[in-house]
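J.: What follows is each chain in one-letter form.
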Amino acid sequence: MALSTHTTTTGFLLPSIHSAPPFFTQQPHPASLSIATEQWIQIILKYARHRRLFTVRVEDSEALGNDWDEILRNERINRKLIPSYLSYILAQMVSQNLAVYEPPKQDRSILIYWRLPEEWAEVLYEWVSSSGNLNTIMTFYEITDPPVESPLSGLPIPLLRQAITLLSKSNRAQIIAISEGEGVRFFPTTGKA
Amino acid sequence: MALQKFSKSVDGTIPVQALLYNDEELIASQDGVGIYDGLQKSPQHQSGTVHVTSQRLFYIDALKKASRSFYLELSRVSQTDYYAGLFTSSPKVTLHLSSDNFVAEESTQTGFESWECEVCAYRNPPGLSPSAARICGLCGVPRSLPGKISSSVEIPQSNPTSSLPPSASTSVLPEHPREPSLIACPACTFLNHPSMRTCEICATPLPKAEGDPHIAKSAPATRPGTPGSDNNDPDSKTIKLSFRRGGDKAFYAALKRSLKGRAWEVAPLNVANDGVRSGISGIMQAVETNAQNRDTNMSNALEDLEALMAKAKDMVRLAAELNERLTASSTTTANNPYSSSLSLLSSTSTEPEEATFIRSSLSQLGLQMENTPVTLDMMKDEREWMEQLARELANVLQGSAKANLSSSTGGGMMKERGIIALDEVWGGWNRARGVALIPPSTFLQVVPLLPAFTNPTITSRSLNSGLAVLHTPPYSRAAFAARVCGLLALAGPKSTTEIAQEEGMTISLTAEMLNIVEEDGDVCRDDGRCVIQENSQDVLVLGEVNWWANLFLGYSWDGQQ
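Chains as they are written, first to last, in UniProt numbering: chain H, 1 to 193; chain R, 1 to 561.
Isolated chain R (complex conformation):
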């Protein structure tokens, strides 16, 4: 039957987009479609989705996607009819199929893979439609397929009648790369290359190759058909699409357009007509065009990204507004729970779960914040901008008064710690802002303003290695030295690690701080390199430094006189 003969089964579990050739385009889709094979309903294909592309027609079965789906080459469709439907009869589209270009079909069987051009050695990628795969993508030279001759010769036999539209057979066939078998010289029997006109050895004129297109084309006229058993029956060459859920008109229009477009022959014809597509200049041009296309694609993609960036700001503002309104509504409810129905925001205030939901989604999106980050365009002048930034940074470091009340979210970066490296502060602040990030230069300008906005005051200080830190008063030079001395006096010598634990600071930061204390002469060191032998009784291990209160100052000789 027609369906069996013309269709090719396909795994419908794969999305249609993935089934397309590289140069193929999906034009229209319609679900709720049944298939008639000839005049009979095809029982296996009664509910599915039909997709029409520039080259093919796909049927993806709704129930058994893997086994019952198929596709049909549009190049086989010679004629279409449209039936609008009547009463219970659904609208239908009839496809009349012609079987004369089996050849093209067979050539695609081997063509659907990566292959190397014989002329320019360009490796053509797989995934092109059969027509495009017939020529080299770089130099435009037709691909030569070994063993082609056999199928070419068959054309006359399979050509049924002269009633077929001429386009498909005559225009496609000459494009075929053909490689007829070697020609035996009638004089010396040398097997000549098919392109030779005279024998290479004895120069005897050679008979023309059997597979010559002229012979092939004349065949239908001289031999009017070797009809198969069912070839005369028009039913065996039609397939009907029954549109049970409408959409027939639009789909039919798309199908017509696709058929008219003749995408399956356009590609090779274009190449043939394009005079520049030959020689080195042609290759160069092809490469250039490719690069241009890639450029265009890239800039298109980046445009999208820019558009997204532009939208991000609005998004944040929206989130902030939403958040503020939610806060307002929740405080209203908290203050006067009985009058909540009177308030303007009654809808949200009576539904706290919704509010919580919105808030949690906002925070999941990273948009939760106390208020929007300060940006330069909000401020009137530079000075105020700096002060606002300092206020914001103070909030980030110490947590705002509001946030402290709500416990879990509050705190700030320096709630637990008295000293913190500047780079960590910068990173943390920008993470808190999320948008409109602060450049380091601005950050450094803001830091000196901090003491005015923080309580206890946070000041900056740079250590010997150049590391800058922000710290609270207990970590100033004098206070820290006094504390370390007190600790050493009380608990005896301590290693850097122990002091770091005591102070809750990182070891490297502690080492830096201790070096400064040592500079002041308040402590002295006991270097692990001076250990004779490592043992368990000694608190000091090799490579460590133990700190002692400075026992040299004020020492006087008490040894032998």
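Only chain H is shown next, with the shape it has when bound in the complex:
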């Protein structure tokens, strides 16, 4: 049976291994398992970037009708990822620092770092300076839901907060309490900080 890649309706190119039935089983053999899990993590990260998704929940493998359908199930070969295996994969992602449990102190859903917080910080600063918003105070809402589509649209607040925290360490941003809640002010860089 020759395995082939497949392009989903959202235009994502699935790897050929996604059409192999054993890929959906948690393999008892440790080496096979680590390879398969690695591939799963790749698929999840790349698909999340492709569709700008930020969370995966274990429940996503159980019910139809969510953003992850075309990844966690393969109707063509009649296979689906069972929750126990997905939960194992999520745990692996967290341990590899590719995701974090969100909300914390549970293990049913994760926040995916398809960009690391450091990368997000750079992206954020880039966008702020290119849109001429340095030295002004912005609300979180203005950043995550700007009138013009930006790379930061839809960014979850916890991730945004992490990025800002990272920027404030290099004195490029500061969190300020304002009347509507919290705001942030970005500073122009003074050379290498």
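All the pointers check out, no bait thrown in.
Which stretches of chain R does chain H cover? Using the computed rule of at least three CB atoms under 8 Å from a CB of chain H, they are:
hint	stretch
1	519-526
2	547-557
Computed footprint of chain R on chain H, listed as stretches where at least three residues anywhere in the stretch have a Cβ under 8 Å from a Cβ of chain R:
hint	stretch
3	5-17
4	33-40
5	79-88
FYI, nobody ran anything at the bench for these hints, they're computed from the structure. All C-beta atoms in this analysis are idealised placements derived from N, C-alpha and C, irrespective of residue type, glycine included.
Starting from the known structure of chain H, fit chain R onto it as the hints suggest.
T.: Same frame as chain H, but now just chain R:
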């Protein structure tokens, strides 16, 4: 006539042993006996078997067992005569019968069933002889029979003459439990219990009950007989046994002994004399005696079994010798058919059907074997014993060279199979040995020696679950994995069941083996739990596992960058 009066018909189709009371004993039997009723031949009873027991005399008719058989209480026999026979006249035994203990007879009518003792509530079993049934088996208290009085009162009338031997009437009668009817008080007319001496209400002395034994016993003296029509005729009270086929002397001796033994009165007398047989200690003793008897019986029975076991070994040796000799003789015939008459074993070699017959009977008895099983006492030392055992086990597994030639019997357990569970081997080996079974510990010691005696070599291996197996080289870890991989590469993914069919192994064993292959990373699994929806196009059904060649090893990303 005497026969009609004294005998009781019995169903002769029942074996005599089954007709006996529990405490009755069969003493002697004689066939070819005819009966004379008085002086005349009894036409209905001319050929039959007579059995004498400790209590009764049975006649079982040879022709019409069911209708013409009868028995006679020995307690009725007052005297016997023996006539040795002359010319054509057969030897005869004459039994003089007395009719005076009808009472005992009647009491047995109701007594022959299970009954509960009034005193200790012990349920006495049925099947005891009339005399034994009159008293409780546990506490020894005589049984009280309602309605007894009427028959007791009749004694005087039925007592014919004083010429009777005193023993039967006087010794048996006082033992009778009697329950005379209630006694009416002459003063106040209250009906008192028969055992009362004075009235319970007014203390007036009561007249003695009518059924009192003293009155009864004195009756014969005061009233010398109310003879019936035929009571005076001595012929009407004799029965003759005519021994047409001999055996008369021995039978007569047995009859005499039985009559002398008086088993029908011994039981109650014994009980009466035995002082301990009363009260709780008596009951306890009875129970103890019972338990002891049961113990003795049990150990006797087991002794027999042990004796049989002891004989079994000899039996097997004999069978083996016989078998060997037969084999020798048949090969002799095969090699030189013309000189067979010269050989020492000419008798058997010229009669192959007989040999076959003996062999088939031996095999039906489970005694057929190539040679006798190896036992420790045949061997000089432990090491040789183990090696012999290994050789024998190899034969069981692969079949001996000899057996393979004779086709049908040969083969061995692993002829068709390359892998077999250890427990099955152990069971099969012991079944083949039949005697001197091998304990598991010895078996496990023998298994490592197997490779030296088998071809192809059989080795043992234990699987992940702890299941130990014996296998031929194709079922070693590497060879099996290679074969499975080849199969999967060639025919695509297979389920456990399909692989089991392919390999001719049980499914559970296959699953075990595949788990080991998986451990080596040669295959990967496709679990039925991951199926979205069961449908006919999918080879995998829920709950099954499909096996694939491992497609993860060496895979590199070919999806979206």
